[in-house]
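There are 4 protein chains.
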Amino acid sequence: MNDTQITLTGWIGGPVTLRDLGDGRQVASFRVACTPSRFRDGEWVKGATSWHTVKAWNQLARHLSQSLASGDPVVVHGRLVADVWEREGRPQTSFEVVASAVGHDLTHGTATFAKDAPVEPRVEQPQVAPAAEQVAA
Amino acid sequence: MNDTQITLTGWIGGPVTLRDLGDGRQVASFRVACTPSRFRDGEWVKGATSWHTVKAWNQLARHLSQSLASGDPVVVHGRLVADVWEREGRPQTSFEVVASAVGHDLTHGTATFAKDAPVEPRVEQPQVAPAAEQVAA
Amino acid sequence: MNDTQITLTGWIGGPVTLRDLGDGRQVASFRVACTPSRFRDGEWVKGATSWHTVKAWNQLARHLSQSLASGDPVVVHGRLVADVWEREGRPQTSFEVVASAVGHDLTHGTATFAKDAPVEPRVEQPQVAPAAEQVAA
Amino acid sequence: MNDTQITLTGWIGGPVTLRDLGDGRQVASFRVACTPSRFRDGEWVKGATSWHTVKAWNQLARHLSQSLASGDPVVVHGRLVADVWEREGRPQTSFEVVASAVGHDLTHGTATFAKDAPVEPRVEQPQVAPAAEQVAA
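Residue numbers (the working numbering), protein chains in the order written: chain H, 1 to 137; chain F, 1 to 137; chain G, 1 to 137; chain V, 1 to 137.
Chain H extracted, bound-state conformation:
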């Protein structure tokens, strides 16, 4: 099966918008600047900055609009998709990352987390880890 898994780390530039589609779905959108470093001629140099558009849906979208702000560092995991549209009769392509998981990148600061009210049973959450010596073997 074809796939386009991407993980990006960078900084939010601009607002985080939340749009309600009126059919029970919401979509959040924001832009992330990624400035990778490269080692060249004996030292680390900053490369060119790439701007990426990130979208998220529904529950994740609502949480992002309440948690993220311009200037925040983030880690984003999802799929890269191309969106094709027309402008002045010519096909145009926008690339965006459809996120399945997003968090503040704690490399650059600390965060306080608050779980959603448990409207749904959170069955996937483990209660306790097996002891370390059992699993390290």
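Keep in mind the hints are simulated off the structure, nothing from the lab. Heads up, some of the hints might be wrong.
Copies of the same chain look alike in the list, so a pair counts if it fits in one copy or across any two.
[Claimed, not checked] Here are the simulated SDA-like cross-link-like pairs (lysine to any residue), alpha carbons at most 20 Å apart as the crow flies: (1) LYS55 to ASP3; (2) LYS46 to VAL84; (3) LYS46 to ASP3; (4) LYS46 to VAL81; (5) LYS115 to SER65; (6) LYS115 to MET1.
Note that this is a predicted model, so its numbers are computed, not measured.
Given chain H, work out where chains F, G and V should sit, using these hints.
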């Protein structure tokens, strides 16, 4: 160049420990439970839970020990490495993810972020995003 | 949904085994050595080698057993899973990468590809790319 | 450090071009169609096809131009970068994947591999794997 890039999402089980190595370095360690869902015979079923050990160093380590707690959902990006050691004369291998970025997975809740005090210039942080219509084209 | 996406590049060490489970399924297994380089104190140094176990199923498994040999460089994409079992009454954990895509890493050589005989219609294969100037915009 | 790691699997559409920059460097370029499947309303449906541009440099570029053809399935690992340029006075952005590893995706066929002539010592290649029972523990 050989590489082992991994991104995992799951739930922290157990404490997040921070160890000071006494030479200016710190290392944080915690365990994450991942329970993927699979589509089989017409429905989504939960697969077996895998437990993974995550380590992080220095600044990221300090922030994680202040931000993460057992039961938190996380997104972790890093490299998978094998650590070989001996027990009762037999070689043993532990696998661990050495994290380069970690955040709360905002799929499951909201977070309030606080940047580090700016001891270092934060040069890589963009000031403002280019306008959307400039870059969507 | 919890996930453990991994991409690794390395060298096959040892045989590629193919096992028929007798119920129409086959599983291939092989081991990959990954030796990442790190930049430390002004130069690139080879890090420790990590050995990873890779498994693949059915059609991919059959193709791998016909295509791969010890010493080949590979790129592997899949999920990291923990397999828990017992030895002498103690729980043991093995980690393995369940591959969804595997290829020779063409960084280190060339390859000649032969498609499977078309038992199934290959609907997902595109016939022709849109012109470059249409999509680069 | 900011990063944009991506792994994509898809089908090559169109030619694989190799360009010599005249300064000892070569760059290969080709386009890949990715058509992910999604599970919706009780069945797998093909999503929209995304076209991605892939670039590779030097040794990898030369090997790709000798190994890949339109219609081949591939697995590509690398970084997503945005390339900004002007057209008719307006800034335009193209996204491309700068590949660090590329191979035929052996999900769809078999491949015969030929190593490069050993102009350089291949130090990173392991000679033999540790026995399975030593490392599985």
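Checklist entry - Given identical chains, is LYS46 near ASP3, meaning Cα to Cα at most 20 Å, within a copy, between copies, both, or neither? => result Classified as between; 12 Å across copies, 29 Å inside a copy.
Item to check | Status of VAL81 relative to LYS46 across identical chains (alpha carbons, at most 20 Å) | outcome: Between copies only: 13 Å across chains, 27 Å inside a chain, cut-off 20 Å.
Checklist entry - Is it within a copy, between copies, both, or neither that the alpha carbon of LYS55 lies no farther than 20 Å from that of ASP3? => result Answer is both; intra-copy 17 Å and inter-copy 18 Å each pass.
Checklist entry - How would you classify LYS46 and VAL84 at a CA-CA limit of 20 Å: within, between, both, or neither? => result between (31 Å within a copy, 17 Å between copies)
Checklist entry - Between LYS115 and MET1, at a C-alpha cutoff of 20 Å, which is it: within one copy, between copies, both, or neither? => result Answer is between: at 16 Å across copies they meet the 20 Å cutoff, but 34 Å inside does not.
Checklist entry - Should LYS115 paired with SER65 be assigned to within, between, both, or neither, using CA atoms and 20 Å as the limit? => result both (15 Å within a copy, 18 Å between copies)
In this structure, none of the earlier numbered hints is contradicted; all agree with it.
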